[in-house]
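Dock chain E against chain W, hints included.
What follows is the residue order along each chain.
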Amino acid sequence: MSTVFAGGCQCGAVRYRVDGPVRFASICNCRMCQKALGNLFGAWAEFDADIVWTRGAPTQFRSSMKVQRGFCSQCGTPLTYQWGDGQPSLTIGSFDHPNEIVPTGELARDNRHPIVGHGDQLVAQEIGKTDEERDILAVLHSFQHPDRDTNRWPANGGRQ
Amino acid sequence: MSDEWPMPAGPLTGGCQCGAVRFRAEALHHNPHVCYCRMCQKATGNLFAALVGVRLEHLTWARGTPARFRSSEHVDRGFCPNCGTPLFYQHDESDRVGMSIGAFDEPHRISLRWQMGSEGKHPSMFDLGEVESLGTTEIADGEEATTAIRLSNNQHPDHDTVDWTPTRSTQP
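Going down the list, the protein sequences come from chains W and E.
For any residue, its number in the numbering used here is found by taking its place in the first sequence, counting from 1, and adding 15.
For any residue, its number in the numbering used here is found by taking its place in the second sequence, counting from 1, and adding 2.
Chain W extracted, bound-state conformation:
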């Protein structure tokens, strides 16, 4: 039995599907992943099956001779990491249901941001005290693509 995984960028210009199972899921703390993703680490899922780009395709930045990193040119969402001409890895956060993919491996632990592995020390912030509350409240007017495939996009709105 094979599960199909689908996902895409925030604006919906790029969408993909890939047959499961996930071969390997991991986070990588290396400085290339941090900087490419503007984050504490990259979170990646690898598959044996070919990725099918069902709408659009990523723009590619060659971060080094061996590696290309794909992203949506319309909204910037990082989508792929590809070593040589091998099968690209996909960013876990771009899947429609990222919680179904749990990393079991970690690369470059030596370059962990100090908080990684100690997240329980963070204080949970109630909605209403930071800027992000407004984004959450504005979800009804979100221009984010829904977490499912759509026949037509943008349906109404899209990139401003």
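Don't take every hint at face value.
Said to hold, decoys possible - Reference listing, derived: stretches of chain E covered by chain W, where coverage requires no fewer than 3 residues with Cβ under 8 Å from a Cβ of chain W: (1) 15 to 29; (2) 42 to 49; (3) 81 to 93; (4) 98 to 111; (5) 160 to 171.
Claimed, not checked - Far from chain E, by Cβ distances over 12 Å, these chain W residues were calculated: (6) V19; (7) R32; (8) D34; (9) G35; (10) P36; (11) R38; (12) F62; (13) D63; (14) A64; (15) D65; (16) D164; (17) N166; (18) R167.
Stated by the list, open to error - Beyond 12 Å from chain W on every Cβ pair, some chain E residues (computed): (19) M9; (20) A11; (21) G12; (22) E59; (23) H60; (24) L61; (25) T62; (26) W63; (27) A64; (28) R115.
The set of hints was computed from the structure by calculation and includes no laboratory data.
Note that CB positions come from ideal geometry on N, CA and C, so glycine has one too.
Quick look at chain E alone, frame taken from chain W:
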């Protein structure tokens, strides 16, 4: 909201992976946080966004201009148009910009304080103590592979540069 939180003294510099966009922050707001909400996840392709506020008058775009995507009615998300690095979250009415912590040249200096958007919290997050470590990049990828990356690295260094030509991206 208490401002008693250790913040690195400014100025701090940073930018995208390819170096087409660079910024300078004179000071940071005392709110470094991760947000697990689905909008932050999808915008960054990650398990969360890691952001720290910079007051508008403290932020300078030292090189290039970020592209913007209007993620909701009052919010822009900024990114490098050449390499895609997510750079900021900006609400129209806020007097500061939430900058991507990983885009700073020295992200390790910025201590995280809060977590939010817990409705979207990924099951593996944020305690990765049980995740198997594959070692350093050198060990995990092999010396040959990491040497190849090091010798052909197109990533902008983690400091300002006087002259820099970003490697151009390839459209699909």
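Against the structure, the hints come out as follows:
1. 15 to 29: holds (count 3)
2. 42 to 49: holds (count 8)
3. 81 to 93: Since 11 is at least three, the answer is holds.
4. 98 to 111: holds (count 8)
5. 160 to 171: holds (count 3)
6. V19: holds (19 Å)
7. R32: holds (16 Å)
8. D34: holds (20 Å)
9. G35: holds (17 Å)
10. P36: holds (17 Å)
11. R38: holds (15 Å)
12. F62: holds (16 Å)
13. D63: The claim holds: W/D63 sits with its nearest Cβ about 19 Å from chain E, beyond 12 Å.
14. A64: holds (20 Å)
15. D65: holds (16 Å)
16. D164: holds (14 Å)
17. N166: Since the minimum Cβ distance to chain E is about 20 Å, W/N166 lies beyond 12 Å and the statement holds.
18. R167: Label holds. Min Cβ-Cβ 19 Å, cutoff 12 Å.
19. M9: holds (14 Å)
20. A11: E/A11 is indeed farther than 12 Å from all Cβ atoms of chain W, at 18 Å.
21. G12: E/G12 is indeed farther than 12 Å from all Cβ atoms of chain W, at 19 Å.
22. E59: holds (16 Å)
23. H60: Holds, because the least Cβ-Cβ distance between E/H60 and chain W comes to about 15 Å, which exceeds 12 Å.
24. L61: E/L61 clear of chain W: closest Cβ-Cβ about 14 Å, beyond 12 Å.
25. T62: Holds, because the least Cβ-Cβ distance between E/T62 and chain W comes to about 18 Å, which exceeds 12 Å.
26. W63: Non-interface label on E/W63 holds, nearest chain W Cβ at 15 Å vs cutoff 12 Å.
27. A64: holds (16 Å)
28. R115: The claim is violated: E/R115 sits with its nearest Cβ about 7 Å from chain W, within 12 Å.
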